[in-house]
Amino acid sequence: MREEIKSKIEELGLTYSYEQERKNEGNPRANPLSFSTYKKCPKEYINKLEERRYSQNTMRSYIPLFEEFINHFPDSEIDTLGEKEIMVFSRYLVTDRKVSSSLQNQAINAIKFYFEKVKGGERKYYHVDRPIRERTLPEVCSEEEIVAIFKAVNNLKHKAILMTIYSAGLRVSELINLRIKDIDSERMQIRVEQAKGKKDRNTLLSNRTLLILREYIKKERPHEYLFEGQGSNAEKPLKYSTTSISAILKAAVSKTRIKKKITVHTLRHSFATHLLERGTDIRYIQSLLGHESPKTTQIYTHITTKGFDQIISPLDKLDL
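Here the sequence shown is numbered in our numbering, starting from 1 and rising by one per residue.
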């Protein structure tokens, strides 16, 4: 995988460098190879995840977290574990592993899944002090910065990719799963199928995006997916790589004067913020983004600085 990323980056004319990420100050997760009695996740747990159609990302998160929980008590059978052990494990994650509040919450949900969904136990609240989520505001670009990024991209396909993400407020996973048929030029909408939470939704198809997509499709002739990777053909259409999209954006930003830490998801955040600043009702923004809860969308009200220039600091009113 690292070689593939290196190759893609070099294709874009960038220099590849690799540095091992430093771990946090806490203890690392137990290595399954470090002891012979390591207990694997029960097959019934995996089967239930599949039966309930949980995403691959959720499965990749839940399974190792549940394994870590059951192996934290090596001398105990799984079904003898309960609320007391959940509390002990939760405190261990915080004090010893020093995990983020997000990962701690995910671990609790992974454990609850076993007792409630797999074993059919009564849904209950475990008296565990769930962490308060860190409230960090996402980075967003100004409209001028978005323009600078797009102008820095010369490749037609690359520009079409970034413009589609921004103009429709897409997640990168949604972009690579788009099919040509999902572009509805009559209703000026893009259909996003089975997005996060296994839900379909419609979002905006801008006029400018439609024009560049038509130009791109005429030139590249994709087979099934709107954006396809190298080696794709009619018999075996291949999705575009998410790492390649990140590399495209990084290359574009490097040609501008932007100093912010910008990721592909920043384009989605910027889309929502710019809509809000232009007066779009937050309920419509929630629908376009595919947020289940309005609380998730309301974070953009804390990001926008529209109207700040009309607010006078109380200091400027003091007779000093």
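One or more of the hints may lead you astray.
DMTMM-like, lysine to aspartate or glutamate: derived pairs with alpha carbons at most 20 Å apart [as the list claims (entries may be wrong)]:
#1 K260 <-> E145
#2 K117 <-> E220
#3 K119 <-> E50
#4 K250 <-> E116
#5 K199 <-> E220
#6 K181 <-> E143
#7 K261 <-> E143
#8 K218 <-> D200
#9 K117 <-> E67
#10 K198 <-> E292
#11 K98 <-> E68
#12 K259 <-> D182
#13 K112 <-> D182
#14 K43 <-> D96
#15 K157 <-> D182
#16 K112 <-> E68
#17 K117 <-> E143
#18 K181 <-> E139
#19 K260 <-> E139
#20 K260 <-> E144
#21 K119 <-> E145
#22 K181 <-> E144
#23 K261 <-> D184
#24 K239 <-> E292
Here are the simulated distance ranges between beta carbons [to be verified]:
#25 G82 <-> E277: 31 to 39 Å
#26 P42 <-> E277: 45 to 53 Å
#27 S102 <-> T304: 52 to 60 Å
#28 K260 <-> P42: 16 to 24 Å
#29 S185 <-> H265: 22 to 30 Å
#30 S185 <-> D79: 27 to 35 Å
#31 D316 <-> E220: 50 to 58 Å
In case anyone wonders, no lab produced these hints; they're calculated from the structure. Glycine is no exception: its CB is placed at the ideal position from the N, C-alpha and C atoms.
Quick rundown of the hints versus the structure:
no.	hint	result
1	K260 <-> E145	holds, 10 Å
2	K117 <-> E220	violated, 47 Å
3	K119 <-> E50	holds, 15 Å
4	K250 <-> E116	violated, 43 Å
5	K199 <-> E220	violated, 30 Å
6	K181 <-> E143	violated, 30 Å
7	K261 <-> E143	holds, 16 Å
8	K218 <-> D200	violated, 27 Å
9	K117 <-> E67	holds, 16 Å
10	K198 <-> E292	holds, 11 Å
11	K98 <-> E68	holds, 14 Å
12	K259 <-> D182	violated, 35 Å
13	K112 <-> D182	violated, 37 Å
14	K43 <-> D96	violated, 29 Å
15	K157 <-> D182	holds, 17 Å
16	K112 <-> E68	holds, 14 Å
17	K117 <-> E143	violated, 46 Å
18	K181 <-> E139	violated, 32 Å
19	K260 <-> E139	holds, 8 Å
20	K260 <-> E144	holds, 13 Å
21	K119 <-> E145	violated, 52 Å
22	K181 <-> E144	violated, 32 Å
23	K261 <-> D184	violated, 33 Å
24	K239 <-> E292	violated, 27 Å
25	G82 <-> E277: 31 to 39 Å	violated, 50 Å
26	P42 <-> E277: 45 to 53 Å	holds, 50 Å
27	S102 <-> T304: 52 to 60 Å	violated, 24 Å
28	K260 <-> P42: 16 to 24 Å	violated, 45 Å
29	S185 <-> H265: 22 to 30 Å	holds, 27 Å
30	S185 <-> D79: 27 to 35 Å	violated, 56 Å
31	D316 <-> E220: 50 to 58 Å	holds, 56 Å
This entry does not satisfy hints 2, 4, 5, 6, 8, 12, 13, 14, 17, 18, 21, 22, 23, 24, 25, 27, 28, 30, going by the numbered hints stated previously.
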